[in-house]
Structure formats: structure tokens, C-alpha cells
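Each chain is listed here by its residues.
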Amino acid sequence: MRLGYAQRRRLKRIGFWALAAVIVIYTVFPFYWSIVTSMKTGSALFSVDLLPPDPVWENYHLIFAEQPFARNIGNSVLVAVAVVALSLALAVTAAFAFGRLRFRGRVGLLLAILAVSMFPQVAVLSGMFTLVRWLGLFNSLFALILTYLIFTLPFTVWVLTTFMRELPKELEEAAIVDGAKPLTILTRIYLPLLVPALATTGLLAFIVAWNEFLFALTFTLSNEMRTVPVAIALMTGGSQYELPWGQIMAASVVVTLPLIALVLVCQRMIVSGLTAGAVKG
Amino acid sequence: MARIGLSQVTKRFGGTEAVSGLDLDIADGEFVVVVGPSGCGKSTLLRLVAGLEDVSSGDVRIDGQVVNDLPPPERGIAMVFQSYALYPHMTVRKNMAFGLSQAKLRREEIDRRVRASATRLRIEDLLDRKPKSLSGGQRQRVAIGRAIVREPKLFLFDEPLSNLDAALRVEMRMEIAKLRRDLNATVLYVTHDQTEAMTLADRIVILNQGRVEQVGEPLELYRRPRNIFVAGFIGTPAINLLPCTLGSGAEGTVIVLPGDRTMPLPETLRACFGAGEVPSRITLGWRPEAVNLRGGTGGRKDAITLGVEVETVEHLGAETFVHARLDQRTIVTATAGANFQAQPGQRVAFELPLNRCHVFDGEGATLHHPSSGEEG
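These protein sequence lines map, in sequence, to chains W and H. Each step along the first sequence adds one to the number in our numbering, with nothing skipped, and position 211 is 211. Each step along the second sequence adds one to the number in our numbering, with nothing skipped, and position 143 is 143.
Everything labelled a hint here was simulated from the structure, so no lab data went into it. Hints are not guaranteed to be accurate.
What the hints assert, rightly or not - FRET-style restraints, in silico, Cβ to Cβ:
hint, chain 1, residue 1, chain 2, residue 2, range
1, W, T93, H, S7, 37 to 43 Å
2, H, S7, W, A89, 55 to 61 Å
3, W, T93, H, E151, 56 to 62 Å
4, H, S38, W, V107, 55 to 61 Å
5, H, T91, W, A112, 56 to 62 Å
6, W, Q7, H, E171, 55 to 61 Å
All C-beta atoms, glycine included, are put in the ideal place defined by N, C-alpha and C.
Just need the whole structure built from these sequences, with the hints factored in.
Structure follows, in C-alpha cells:
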């Protein structure tokens, strides 16, 4: 049977939406499952329900009562915010140099920065541990802030350099003729134009710092210094042989919410076309 | 207002010289247009005066003071960029005020100047808009406004009209001419458009490969070009250039025109060489308006008459350009009256009066140009 044009179009549309539905379910289902699980206790945890039969908030209460989870969240916020602030500040100034100035070894240096991120985390772990001990930062949040820059700086520098290079050179020259000093040019002319890039890279850096596990596990010791991923992983139940799945899921839901909020806020800043009108394009 | 002096200014980028040993003096309040083909170094020249590039050697003087080591803001200049370079995140008002606030002027003074400039350029209504919501012509005005609020000694324009469409370009050209009269400022203006140069300039500087070919008033360059390059660059349609060779024949010196047409060297041309040796190669040039169209052949004694084949006829309304082929390589253009009609392929005769002929030697330097009374 040959299908008419309208029928083929309808089939194509059905196919498209079916594919979209599969992708949405695939990505959202795990999160949905943790929400459902976080509202169950006891043996209900091991039954398969799409909706919790009788939802309870006990797990959400317990994670804050039985361990310093609020403190862990605070640690994570502190570390992530500090990492974002530091890497953006360093990356913007580095990108200004890489994108705007010509100097010997520019490409080599850029590649070196990228190379830093190529080593597997485990490979740098022991060396980094020695460094952290030597600096006296063991079991301190500063150790995490410092070491997370290894992950965040390469991509923040690279992305911002690319953006910086695409800003029209005439803008800088116009500002120079207007009497602006380099720092003024960076802060008053370039920074406002880089907001979308800053929002994107800042968000990525935040997520990296928020979710990092291995360094956080290695460089902290006490419950009070742990960040959220480690705290969740090391949660223990009533006995050694019991994993408190309900609480783990509740904790996961709690720490994902700030990320979602952050993405929604940043999304409004990630708008294109900020440079429209600068030069005739 | 300011006097500008460039002496032996050279700028090298790596191995190439963008500007070589350039001398130029600009008087107070003068409007000088630098014109030349792309890559001739004209934008570099402007950037050297602005201070956006450093000279490799030589001196740039403003009001007699050497400014080689002064940064741009201390040179008392304002620059209008080809791409406008407006700050996209700032309103028109902030764009215009930015330079003044960097100079730490008082707020009331900044306000006063921005408003005065906006009124002058008729952009008062746009002050709170951002560049992206402006049209090309409006952006151009804002860019000029940003320059005039600073009340500079010297205005630098870098091809300011090249991004505008034709109609707007003519309008802005007149506006710049008017603005310049009002401000009475010294202006250095770079363009590749010789019409802009002819219409705006007090004096034109013709630049080619980093060197000055000729400096002079627009009509002087048109009537008395110093060499083939200047003759060919100024004027639309371009001057007709006929490369010729000179040799000796039975009746004395003969001239061989393109298409291997040989004729005795007319006495008028003989006079150009003076008492000196007759060169072996010369180039003859006629402006299109000097070429007369004739129906028949056989012509006047004081003119060279060429039989040509019409290629294209361009009716512009008031006048007509006739492009005709002399031989494989040579096209000759004539200006004809509004009603001239001819079909492509038709044979016509072009009469080239000797008294309106430019003569160039083998190296391209001018040997003779028509006296200005006859040209024009």
C-alpha cells in the first residue's frame, strides 16, 4: 500500500514524538525513581511502585537528624562557589591574554593548559595528596578548592579564549582611543559581552565541583569536612549490613534541586546575540 | 584644530613595509583624504596617527610635538571606525559618554556635550536605545557622535561610509562635509572610494604600496596627475591609456598605436619631449569626456582617429558611456550625449584630440598634460 503525502507526514511526526518520549523517559526516569524511593521506608523500598503507596517525608528528616548533612551541603556550596569564582576570575584574565595579545609561546601554553586535564584523576591523586599534606591543607575545604581548579581551569580558559577572540578588535581600539585602561576595557567592555560565556562555563564548573567524588573522599577525613557526594556515599544505616536506600535517595534529591535552580537562573543569561549592533555583521 | 606632520614615517609588519618613508603635512583645519587601492597602507597610516600602531621609524607630530610615544587618548584625537565599533551593551547615550567619563569630566558637562552632539546629528530620540536596534545610518551617526563629543583636535575617519548602501552613502557624505564646516576641525579621512575623496577633500593624498604617489587638490589631481597610477586611479570611468612605441621610419619618427597602427609622430607630441631624446615607449591618455564620437572615418589633423567596435553602451540618463574595443587587449571609453544610440558590434570612430592628451613616459611618469583651460 502506498501512503499519501499527508499520511507519510503524520507517520514521521509520530516517529519523532515517540523518539522524543523515549529520550525523555531515559533521562528523567532515574531521577523520578529516586524521588519515589526517597518517600518509602522499610520493606516498601523493595517493591516496584510507580507512585509510593503511602508517601512519607521521614527520610528527608532523618538525613539532617542523623548526620551533619546540612553542614555537608554548606561545604559543597562553599567549595563550588569558590571554585567558580576563582576559575572565572583566573580564566577571564588568562583569556584576555590568550585571545587579545600576541606573545611568544601562546599556542604552546594553551595546549599545556589543555594537557593538564588529560591525565586520569587517579594518576594525579597520589601526587596531589602529597602536595595537599605538604601545604597543610589535609582535611580542609581549601584542599578541594585548590585541586578542583585542575578540572575547571582548562575548559574555562579554552571556552573564554574562544569567545574573547570572537569579540571585535575594533571595540578594544575604540575603547583605547576613548582613553580606557586595559583593566577598564576588560571589566567595562569585554566582561558584559562575555556574560553568556561566563554563565555557561561557570555553570559547568559548578557542576564539576558539586559532583566531584574522588578528591573529596581522599582529601577529607572527618564527617564535618565532607562534601555532599562523599557524605551520601558513606551514609550508613542502623547496622553495618544495611544500606539506607531511602535516605540516600532523599539526600540525592535534596542536592540535585540547587543544581536545577542554578541551571534555570543561568539559562536566562545564556542568550546569544549580545554583541549584535557592535559592528556591521 | 591641529597641525599634523609626518616625516619619513615607516611601518614594517614582519618583513613587509606597509608604509615607507612617508612625508605629509596637514594644515590646521584642513580636510585631507587618503585614498588608494586596498592594501596600499592607508589604514595603517591612520592607525599610526591615532597611536594604535607604533611607527617603525620616523616621526609623527601633532601641533609640532612629536607624539610617537604618546598613547592614543593623549593625542587629542577621535576616531570613527569602518565597523562603527559601538559598545553593544551600552545605550547610545553611554556610548557617547564613555570617553568623557574616562577623562573624568563632570557629570553635567558630559550631559551637556552628549545632548549638544546628539542634537547636531539629529539622534536625540535614539539616546536611550542600544546599537542593535539602530539602522546602519543611525549607527554611523552615533559613531560620529561619539567622536565629536570629545571635541578633539583631530578627527580620524577609517572608511566610515563603506558599510552603507549607495543612497545613504551620498547623504552621509554631504552630512560629513557640513559637519566639517561647522566644526572647523582638522580631518584625516581614509577611503578607497575616489568619489568620496574628490567630493570631501581639501587635498587628496594618493597612496600606493606604502608610498605617496601625489598630494594635491582634487581637481589638480584630476587635471594634472603626476603619473599613470594617479591618472588611472582618479576619475570614473577611468582614463583611457594607450601604450605606444616610437620608432624611426621613412618620414622621420613614427608612433605605433595599439592594433599596430603606425602614423607619423604628430608635432604636438614631438614637443613634449623637448630637446631631449625621444623615448622608445610612451603611453597616451585621454579622459572619456575628451574622446569625441564621429560617424565617419578620416579625421582632423590635430587628433588621432581610431576605428573601434562598440562593446557596451551604458545609458546613465544625463550622459552615456560607450565602451568600445580597439584591439584584443584595449578597450576605449567615451562619454557621449544622453541620446546616443549604438548596437554592440557596430563600428564607430573615436576621435582623440591631441590638445587633450596626457603623455606618460615608459616608467609611467607624466611628460605632458593638457593645459587646464582645454580640459574641463
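Here is what the structure says about each hint:
1. Taken as a hint, the range 37 to 43 Å holds for the pair T93 (chain W) and S7 (chain H), whose Cβ atoms sit roughly 40 Å apart.
2. One distance hint, 55 to 61 Å for the beta-carbon pair S7 (chain H) and A89 (chain W), is violated here, with the actual separation near 46 Å.
3. Between T93 (chain W) and E151 (chain H) the beta carbon distance is about 34 Å. The supplied range of 56 to 62 Å is therefore violated.
4. The hint said 55 to 61 Å for the Cβ distance between S38 (chain H) and V107 (chain W), and at roughly 29 Å that hint is violated.
5. In this structure the supplied range 56 to 62 Å is violated for T91 (chain H) paired with A112 (chain W), their Cβ-Cβ distance being about 42 Å.
6. Look at Q7 (chain W) against E171 (chain H): about 57 Å separates their beta carbons, and that is inside 55 to 61 Å.
In the structure shown, a violation is registered for the earlier hints numbered 2, 3, 4 and 5, in ascending order.
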